[in-house]
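Protein chains in written order, with the numbering used here: chain A, 46 to 156; chain B, 113 to 225.
Be careful, since some hints might not be right.
Calculated lysine-lysine pairs in the PhoX-like style (CA-CA distance at most 20 Å, straight line) [said to hold, decoys possible]:
1. A/54 with A/112
2. A/85 with B/164
3. A/67 with A/85
4. B/164 with B/115
5. A/97 with A/54
6. A/97 with A/112
7. B/115 with A/86
8. A/89 with B/164
9. A/112 with A/64
10. A/112 with A/85
11. B/164 with A/81
12. A/81 with A/112
Examples of chain A residues lying across from chain B (beta carbon under 10 Å, computed) [as the list claims (entries may be wrong)]:
13. 80
14. 82
15. 85
16. 86
17. 109
18. 112
19. 129
20. 135
21. 150
22. 152
23. 155
24. 156
What the hints contain is simulated information worked out from the structure, not anything from laboratory work. Don't be surprised by glycine CBs; every beta carbon is placed ideally from N, CA and C.
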Amino acid sequence: DTAVSQTPKYLVTQMGNDKSIKCEQNLGHDTMYWYKQDSKKFLKIMFSYNNKELIINETVPNRFSPKSPDKAHLNLHINSLELGDSAVYFCASSPGGDTQYFGPGTRLTVL
Amino acid sequence: LAKTTQPISMDSYEGQEVNITCSHNNIATNDYITWYQQFPSQGPRFIIQGYKTKVTNEVASLFIPADRKSSTLSLPRVSLSDTAVYYCLVGEPTWSSASKIIFGSGTRLSIRP
């Protein structure tokens with residue numbers, strides 16, 4: 046009965062590949078997010094998604110695209126992976142935008 | 113966008129009260145102050161949120177002075193399990209403004225026996 050879950054927990058892949066990370070929340074929240082935490086532990090928001098409206102952090106490359114099949118899911122698809130994409134990616138959800146509930150994270154390693 | 117400044121690290125001992133202060137000099141009228149805790153290899157976990165004066169829950173207290181240019185997270189009687197990174201965030205409680213919220217480097221709290 047995990048509130049926010051992500052799969053996979055670890056993802057190792059080669060440069061140039063396309064991969065997806067899945068996120069599901071069972072909290073009934075309207076808003077979901079994706080964050081990237083780099084090796085220096087800085088957490089940067091990538092996307093905010095609410096009722097089919099998407100707000101993108103302008104620093105995020107267009108190789109990254111969120112896909113939401115329904116309100117409980119927000120998957121992250123990454124095209125043409127690069128070495129610099131290696132990081133831990135966190136999904137989060139919130140009922141209104143202030144308090145956020147984070148998933149356990151997905152550690153992505155690009156070789 | 114209100115930037116926050118926190119100490120990089122703090123050390124304390126089990127059973128002590130720990131106070132972590134965050135500066136946010138250019139906080140806006142609609143901004144709330146939120147604190148998160150992050151353990152290694154886990155996502156951040158919400159601790160407490162406030163707008164002004166004092167907020168208390170089962171985990172911590174949050175003290176906010178009248179000018180709201182700083183806030184202090186107070187952890188009573190810490191234990192070894194409180195060793196974590198603590199982030200102070202300032203922002204509006206709307207989903208669209210969440211895209212502007214930035215997690216700083218946080219405060220790495222180490223608790224010793």
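Hints and how they fare:
A C-alpha spacing of about 19 Å is found between residue 54 of chain A and residue 112 of chain A, which places the hinted pair at or below 20 Å, so the restraint holds. Our distance criterion of 20 Å between C-alpha atoms is broken by residue 85 of chain A and residue 164 of chain B, whose separation comes to about 32 Å. Distance hint between residue 67 of chain A and residue 85 of chain A is unfulfilled; the C-alpha atoms sit about 24 Å from each other, more than 20 Å. Taking the CA atoms of residue 164 of chain B and residue 115 of chain B, the gap is near 18 Å; set against the 20 Å cutoff, the hint holds.
Simply put, residue 97 of chain A and residue 54 of chain A have alpha-carbon atoms about 26 Å apart, too far for the 20 Å limit, and the pair is violated. For the hint linking residue 97 of chain A to residue 112 of chain A, the alpha-carbon distance of about 10 Å falls within 20 Å, and the restraint holds. For a cut-off of 20 Å, the pair hint linking residue 115 of chain B to residue 86 of chain A stands: about 17 Å separates their Cα positions. At roughly 26 Å between alpha-carbon atoms, residue 89 of chain A and residue 164 of chain B are farther apart than 20 Å, so this suggested pair is violated.
For the hint pairing residue 112 of chain A with residue 64 of chain A, the CA-to-CA distance comes to about 13 Å; that is within 20 Å, so the pair holds. A hinted pair counts as satisfied when its Cα atoms are at most 20 Å apart, and residue 112 of chain A with residue 85 of chain A does not qualify at roughly 27 Å. With a C-alpha separation of about 30 Å, the suggested pair residue 164 of chain B and residue 81 of chain A falls outside the 20 Å cut-off, and the hint is violated. The straight-line distance between the Cα atoms of residue 81 of chain A and residue 112 of chain A is roughly 16 Å, inside the 20 Å bound, and the hint therefore holds.
Because the smallest distance between the Cβ of residue 80 of chain A and any Cβ of chain B comes to about 8 Å, under 10 Å, the interface hint for this residue holds. Annotation: residue 82 of chain A was flagged as interfacial toward chain B, and the flag holds, the nearest CB pair being 8 Å apart, inside 10 Å. Annotation: residue 85 of chain A was flagged as interfacial toward chain B, and the flag holds, the nearest CB pair being 8 Å apart, inside 10 Å. Annotation: interface hint on residue 86 of chain A holds; nearest CB of chain B at approximately 7 Å, less than 10 Å.
About 14 Å separates the beta-carbon of residue 109 of chain A from the nearest beta-carbon of chain B, more than 10 Å, and the hint is not met. Residue-level restraint check for residue 112 of chain A is violated (minimum Cβ-Cβ distance to chain B is 18 Å; threshold 10 Å). A hinted interface residue such as residue 129 of chain A counts as satisfied when its beta carbon comes closer than 10 Å to some beta carbon of chain B; here the least separation is about 19 Å, so the hint is violated. Among the interface hints, the one on residue 135 of chain A holds; its C-beta lies about 5 Å from the nearest C-beta in chain B, closer than the 10 Å criterion.
Hint status for residue 150 of chain A: holds, given a least beta-carbon distance of 5 Å to chain B, under 10 Å. For residue 152 of chain A, the interface hint holds, since its Cβ comes within 10 Å of a Cβ in chain B; the closest pair sits about 8 Å apart. Because the smallest distance between the Cβ of residue 155 of chain A and any Cβ of chain B comes to about 19 Å, over 10 Å, the interface hint for this residue is violated. With 10 Å as the threshold, the beta carbon of residue 156 of chain A stays out of range of chain B, its nearest partner Cβ sitting at about 20 Å, so the hint is violated.
Violation of the numbered hints given earlier is confined to hints 2, 3, 5, 8, 10, 11, 17, 18, 19, 23, 24; the remaining hints are satisfied by the structure.
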